[in-house]
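*Asks:* Chain by chain, the residues run as shown.
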Amino acid sequence: MSDVISSGEDMGTGASHATSNKRRAGRLSGARFIGVVAALIVAAWLIPALCMALGVGWLLPLLIWTATASLIRCGRNILDRLVLALGLLVGLTCAVGLVLSLWPVTLRPVPSSGLALTGLVLAAVLAGRRPEFPTAGLGWPAVAIIGGTLACAGFAVRPFLGQDFAGRLSILANGGDLARHFTIYDTIRSVGGFLFMHREVPMPNIDAGYESYPQGSHFIYALLANVMPQGADRGDAVASFGLLITLDIGTFVVLCLATLWATRWVAGPLLGDWVALPFLAAICGYLCFGDPITLLTRGFPSEMAGWAMLAILVAVVVRPVARVREQIVLVAALVVAISFTYFLFLPFALTAALVWMIGARRQLSQRWIIAGSVVLVAIALAAVSPVVNTVLSPASVGDRLLLPGEISKVSRQLVVFWLLIAIAAPVLRWQRRSPIWRTVVVLLMLTTLPAAAMFGYQVLTGRAQQTYYVDKLFHEMLIVTVVCSGSILLILRPAARAFAARRLITVAYAWMLSIALVVSVSNLAFDAPAGSGRLHFQQRNAIWEAGKGTAKTIRLYPKADGRLTWVQLGTRADLGQREASHWATLYTAVLQRNYRASWSLFYWGYPWLATSDAEMAEFMLTSPMPYRVLVDDTMSLEMFRRIQTEYPALDLEIVDLRGRS
Amino acid sequence: MKRLGMAIGAAALLGSLLVGCSKPAQQQTESVTSATLKKSSCSAFTTQTMLSVLKPALHGAGWPAMGPVRPRGLDRFSDNVQRCLYELRPADQKLSGDQRLNIYLYNELQNGGRLMSACMTRPLATSAPVRIGDETCVDKTGQLRFRIGQDYVSILVETPPRTISNTREIAPGDTSTFVAPTDPAARAALAVVVAQDLERRWAR
Numbered sequence: 001m002s003d004v005i006s007s008g009e010d011m012g013t014g015a016s017h018a019t020s021n022k023r024r025a026g027r028l029s030g031a032r033f034i035g036v037v038a039a040l041i042v043a044a045w046l047i048p049a050l051c052m053a054l055g056v057g058w059l060l061p062l063l064i065w066t067a068t069a070s071l072i073r074c075g076r077n078i079l080d081r082l083v084l085a086l087g088l089l090v091g092l093t094c095a096v097g098l099v100l101s102l103w104p105v106t107l108r109p110v111p112s113s114g115l116a117l118t119g120l121v122l123a124a125v126l127a128g129r130r131p132e133f134p135t136a137g138l139g140w141p142a143v144a145i146i147g148g149t150l151a152c153a154g155f156a157v158r159p160f161l162g163q164d165f166a167g168r169l170s171i172l173a174n175g176g177d178l179a180r181h182f183t184i185y186d187t188i189r190s191v192g193g194f195l196f197m198h199r200e201v202p203m204p205n206i207d208a209g210y211e212s213y214p215q216g217s218h219f220i221y222a223l224l225a226n227v228m229p230q231g232a233d234r235g236d237a238v239a240s241f242g243l244l245i246t247l248d249i250g251t252f253v254v255l256c257l258a259t260l261w262a263t264r265w266v267a268g269p270l271l272g273d274w275v276a277l278p279f280l281a282a283i284c285g286y287l288c289f290g291d292p293i294t295l296l297t298r299g300f301p302s303e304m305a306g307w308a309m310l311a312i313l314v315a316v317v318v319r320p321v322a323r324v325r326e327q328i329v330l331v332a333a334l335v336v337a338i339s340f341t342y343f344l345f346l347p348f349a350l351t352a353a354l355v356w357m358i359g360a361r362r363q364l365s366q367r368w369i370i371a372g373s374v375v376l377v378a379i380a381l382a383a384v385s386p387v388v389n390t391v392l393s394p395a396s397v398g399d400r401l402l403l404p405g406e407i408s409k410v411s412r413q414l415v416v417f418w419l420l421i422a423i424a425a426p427v428l429r430w431q432r433r434s435p436i437w438r439t440v441v442v443l444l445m446l447t448t449l450p451a452a453a454m455f456g457y458q459v460l461t462g463r464a465q466q467t468y469y470v471d472k473l474f475h476e477m478l479i480v481t482v483v484c485s486g487s488i489l490l491i492l493r494p495a496a497r498a499f500a501a502r503r504l505i506t507v508a509y510a511w512m513l514s515i516a517l518v519v520s521v522s523n524l525a526f527d528a529p530a531g532s533g534r535l536h537f538q539q540r541n542a543i544w545e546a547g548k549g550t551a552k553t554i555r556l557y558p559k560a561d562g563r564l565t566w567v568q569l570g571t572r573a574d575l576g577q578r579e580a581s582h583w584a585t586l587y588t589a590v591l592q593r594n595y596r597a598s599w600s601l602f603y604w605g606y607p608w609l610a611t612s613d614a615e616m617a618e619f620m621l622t623s624p625m626p627y628r629v630l631v632d633d634t635m636s637l638e639m640f641r642r643i644q645t646e647y648p649a650l651d652l653e654i655v656d657l658r659g660r661s
Numbered sequence: 662m663k664r665l666g667m668a669i670g671a672a673a674l675l676g677s678l679l680v681g682c683s684k685p686a687q688q689q690t691e692s693v694t695s696a697t698l699k700k701s702s703c704s705a706f707t708t709q710t711m712l713s714v715l716k717p718a719l720h721g722a723g724w725p726a727m728g729p730v731r732p733r734g735l736d737r738f739s740d741n742v743q744r745c746l747y748e749l750r751p752a753d754q755k756l757s758g759d760q761r762l763n764i765y766l767y768n769e770l771q772n773g774g775r776l777m778s779a780c781m782t783r784p785l786a787t788s789a790p791v792r793i794g795d796e797t798c799v800d801k802t803g804q805l806r807f808r809i810g811q812d813y814v815s816i817l818v819e820t821p822p823r824t825i826s827n828t829r830e831i832a833p834g835d836t837s838t839f840v841a842p843t844d845p846a847a848r849a850a851l852a853v854v855v856a857q858d859l860e861r862r863w864a865r
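These protein sequence lines map, in sequence, to chains Y and U.
In terms of our numbering, the first sequence is residues 1 to 661.
In terms of our numbering, the second sequence is residues 662 to 865.
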C-alpha cells in the first residue's frame, strides 16, 4: 500500500533518459551538431510546405503533437506523454497565439507549422534531448483508456455518420451556441488572430462584446481548420462550419481521453491492473450518458476544452510528474490553457496550482529562478482573458455570473454522488498522511465551496432554477470529483481482495459495480436533460428541419446582400414552437457572416413566442434594415402579405418556396 | 392612564390600517426613458402598477375588478423595438369565459417614424381627440402611437376572445360573463390612460 499513498509520479522514467541523451548529443562534433540543427530547421519549414502541397496538411498537427510528446520525459508510456504533450501544446499555442496574431501571415499553415516545428527543434537543442518514446508496454490501464476513448468517440460520431452538412448541423442545432462559437472561430480565421487584438478590423459576424470572449479553443480550431483540405478556401462558410462540427466532436473525444487518463493517473496503482477496465468503463458511461455529452449536443466547445485541460491539471497537481522542471512548465501551460479556453475554471486552476506549489515548496526553492520566471510569465498570460473580458466587455462579471440561460441542468444529486465517491476514502484514510489523498480532499473542498456558495445565494434570492454559471460551477465540481473518483478503490480494493481467491467472483463483483455506477451516474434509464446522450445516440435531439432550412437558404442566398434573411420554413410564423425556423434563421445569419446585423431577429424570434400581425409589423417597420422572408406554408405567406398590404412603406421581399424542394 | 394609553395606541393602529386600506392607488413616480425601457422593457410598470393606473378607467367602462395574471410583464427584445405585455384577468376568476385584457407597450426608440406615418394615413375616426407628447395618432385598430422628442412609443390594448377551457371561443352573444366592447375607440381610451401616465414620467 505504500506505493498507493506515496507522493509524486509513480510512473516516471527517471533522469537516465535525459542524461543519456545529453551524452549522445555531446558525441556530435560542434560543426556536425550545427549542421544537423540547421538541417532540422530547414526540414521544419519544408515539411509543412510539402504536406500542404500534397493535400495532407492534417498530418502537421499530428506531427507537432507527436514530436512534442517525444521530447518530454515524464510518464511511463507513450499514452502518458501524448496526453501531457496535449495539455502542454494547448497552453503554449494560446500563448504563442498572442504573437501569431500580430504576425501578418494570417495563420497560414506553412508559417504557423514551420514556427511550431522550429520551436520544437530549438527546445530539443536547449534541453539536449532527442525524440524518443518509452518502450514500456501499455498495460491494461492504457488499453482501458484507449478503448474507452474509442468507445466514446464511436458513441459521439455514430449519429453523424452518413449525414450531409444539413444533417450534421441539425444534430447540433439546438440551443444555437455553436452558431456564436462559429462566428468567433470563423472570424479568427479571416482576421488572422485573436479578435481582441484586431478590434480595428470590421467584424460583421461578431456580436458586440464577443470580441473579448475567451478564444483559446477557437484559435486552435482556426489553426487546425487552415491545414485541412476543406479549409483551404476561407471564404467558404459552409465548409468552415463543417470543419467546426468535426473539431467540436474531436474536442469531445479529447475531453473523454483527458478524463479517463486523469482518473487513471490520480488513482495510480489503485487502477494499475485489470480493475481499470470496469472502473474506466463506468467513467465512459458517465461521459457518454451524463453531463459531458451535453457539452457536445448543446454546442459548448470552449467548456469541453476547458474540461479536458482542467482534468489534466488536477491529475498532475494530485500526482506530480517526476521532474520538477517539467512539472512547473506543465502546470503553467495548463493554467494558461484554462484561462484562454474557459476562464470560469481559472480561479480553481490557480488555487490548485498554488496547492501544488505549497506542497513542492522545497523543490521549488532549489530552482527558484526557473520557478519564479515561469510563474510570472504564466500569471501574465493567464491574466489576458480575464482582463480582456472585464476591461473590454460591456457586461460586468457580476451580471454575467447571474446570467439566466439555457443549459442542461446538472442533477444536484449526481454532484453529491460523485463528491461522496471521491471524498469518502481520502477522508477515511486521512490519518495515513498521504500527500496525494490529502491533496484530493483539499481540491474537492476548493471546487465545492464556490459552487455551494453560489448555489446557496441563488436559493436565497429565489433564482436557483434560472442561472447558467452555477451549473457550470457544478461542471467544474464534476470534473474534479470524477478525476479523483479512483480514490474509492482505497476502500473497495481491500474488499475486492477478499474475493481474490475466487477470481470469477471478483470479476463479477467489479462488473456489477461498474454497471451500477453507469446506471447511477448517467440517467440512462430516462430522458432527463442530463442523460441526453441517449437522445444523441438515437438522433432524437436533432432538429432536421433546421438543418434543411439552413442548407436550402444558404444555397439561395449565400452571402449578406443588404437584406436580413428570415427563414420561415417548416413552421408557421404566427404560432409558437417555431424551433426549426428559428435555428435555421440563426445559422443562416452566421453562415452569411452577418450575425451582428441579424441578432435582433434571433432574440425577437424566440420560438416559443406567438406573433400577431401587429407585433410582426412593429418589428419589421422599426428595423433599420430591410428583410427577406422565406416561407413554405400558406398561413405564413398570407400573414406576411397582409402586413405588406397594410404597410406599403415596408421593404419586404417574400420568397415563396411552397412546393419547392 | 395605562388603559388610556393602550386605547390610544390601538386606535392609532386601527386608523393607520384603515388609511392604508383606503389609500388611493399610488401614482407611479419613477421616470422613464427609451434607454431604460431598452435595458429592461418591463421597467415602466409592474402588472400591479399598470392595474392601478387603469383601475378608474376600467371601472368607468364597466369592467369587473381585474387582477394581474403574473406580477411582471412578459418582455420581448430586439435592438430596434422592445415590448412588454401586461396581462390582466377578472379578480373573481372563473374556469371558463373570463374576459382578459392585454396591454402591449412597445418602445420603438427612434425607429417608429414609418409606423407613425402609416397611422396618420388611416387614423381611427371615432377616437376622441387626444394629444400626448409631440405627436399622437390612434390607428384604426385602436393602437395608440405617440412621439416625445425623438422617441416613439406605442400602446395596444387587446381584448382576447373569451374561451372555454382555454381553447373553444365563446360566442359574442353569450353574456354569462363580462363582454368587452368591440369598438377600437374603447380600447384606445384605455391606452390613452397608460400613455398619459408614461408621458408624465417621461424624462426628456
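Be aware that a few hints might be false.
To give an idea of the interface, some chain Y residues facing chain U are shown, with a C-beta separation under 7 angstroms as derived from the structure [stated by the list, open to error]: (1) Leu92; (2) Gln163; (3) Phe165; (4) Tyr210; (5) Ser600; (6) Trp608; (7) Glu618; (8) Tyr627; (9) Thr645; (10) Ala649.
Where chain Y lies over chain U, by a calculated footprint (3+ residues, C-beta under 8 angstroms) [unchecked claim]: (11) 733-743; (12) 766-774.
By construction, these hints were calculated from the structure, which means they are not laboratory data.
All C-beta atoms, glycine included, are put in the ideal place defined by N, C-alpha and C.
*Asks:* It remains to establish, for every hint, whether it holds in the given structure.
*Replies:* Verification of the hints:
The closest approach between the C-beta of Y/Leu92 and any C-beta of chain U is roughly 40 angstroms, which is over the 7 angstroms cut-off, so the hint fails. Hint status for Y/Gln163 relative to chain U: violated, with the closest Cβ pair at about 33 angstroms, above 7 angstroms. Interface restraint check for Y/Phe165: the shortest CB-CB distance to chain U comes to about 29 angstroms, outside 7 angstroms, so the restraint is violated. At a threshold of 7 angstroms, the smallest CB-CB gap from Y/Tyr210 to chain U is about 15 angstroms, leaving the interface hint violated.
At about 4 angstroms, the closest approach between the beta carbon of Y/Ser600 and any beta carbon in chain U falls short of 7 angstroms, and the interface hint on this residue holds. Here the hint on Y/Trp608 is broken, as its CB sits about 11 angstroms from the closest CB of chain U, past 7 angstroms. Interface hint at Y/Glu618: satisfied, since its Cβ lies 5 angstroms from the closest Cβ of chain U, which is below the 7 angstroms cut-off. Interface hint at Y/Tyr627: violated, since its Cβ lies 11 angstroms from the closest Cβ of chain U, which is beyond the 7 angstroms cut-off.
For Y/Thr645, the interface hint is violated, the least distance from its beta-carbon to any beta-carbon of chain U being 12 angstroms, above 7 angstroms. The interface hint given for Y/Ala649 holds, since its Cβ lies 5 angstroms from the closest Cβ of chain U, which is under the 7 angstroms cut-off. Residues of the segment 733-743 of chain U lying with their CB closer than 8 angstroms to a CB of chain Y number 6, which satisfies the three-residue condition for coverage. Remark: the segment 766-774 of chain U is confirmed as covered by chain Y, as 5 of its residues place a Cβ nearer than 8 angstroms to a Cβ of that chain, reaching the required three.
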